[in-house]
Amino acid sequence: DAGPDAEFNWFLSVLFPASTLNILAYNRVVKDLNGMTPEAFRARLAELGDLTATADPVPDVAGAFCIYVDGSWSRLALDPSRIDRSDPIASLDVSLLHDHVLAPLLGVGDERTDTRIDFIGGIRGTAELEKRVDSGRAGVAFSLSPTTIQQLLAVSDAGLIMPPKSTWFEPKLRSGLFVHALGDEPARQAQTHASALRPSD
2 DAGPDAEFNW
12 FLSVLFPAST
22 LNILAYNRVV
32 KDLNGMTPEA
42 FRARLAELGD
52 LTATADPVPD
62 VAGAFCIYVD
72 GSWSRLALDP
82 SRIDRSDPIA
92 SLDVSLLHDH
102 VLAPLLGVGD
112 ERTDTRIDFI
122 GGIRGTAELE
132 KRVDSGRAGV
142 AFSLSPTTIQ
152 QLLAVSDAGL
162 IMPPKSTWFE
172 PKLRSGLFVH
182 ALGDEPARQA
192 QTHASALRPS
202 D
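In the working numbering, the protein residues as written are 2 to 202.
It is worth saying that the hints were derived from the structure and are not from the lab. Incorrect hints may appear among the rest.
Unchecked claim - Straight line, CA to CA, 20 Å or less: simulated DMTMM-like cross-link-like pairs of lysine to aspartate or glutamate:
(1) LYS32 x GLU129
(2) LYS32 x GLU112
(3) LYS32 x ASP88
(4) LYS166 x ASP115
(5) LYS166 x GLU112
(6) LYS166 x ASP119
(7) LYS166 x ASP88
Bear in mind that the values here come from a model prediction, so they are computed numbers and not experimental data.
Given only the sequences and the hints, what does the whole structure look like? Please build it.
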């Protein structure tokens, strides 16, 4: 039987002070409009709140999304009655987008497994969203406001789990900074290599 020191009892973690974290938006693209024309899709969006044309592809407030379809941007501000501010999960912009647009209008199911949706880290900017749609690789793109540290902590304090792809953290650890050796011999070799990298006295 495995003891308390077995590897599956442990996992690697890194801690950053909340004051040093920066959260960028995690935007979405969907491959198609679920059988709708761009005009029909915009008409359905207008039923959810205030839909206006915009030249700014970044939403200015929580509860609003910028949507790129058919070569132009629109801004949708959800009707306040659709937002339950008392629920730390349901009030997140990623949840609002899924619950009011992605699932009911575009037929997107579980965002972790649905192959029709893809996620674009905020560090890549809205130009990548336009590129995906203009090239035909996606039918529509959504630009979101980033989750705030306060929202993240509220979810954590409630003992809940953030929705998938809801935060893009900076700073990120460099790839390859940590290497896990499997087995005794690789572990000894890794320890030897680590010793060789220590600065001399």
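(message) If you test the structure against every hint from before, which numbers come out violated?
(response) 3
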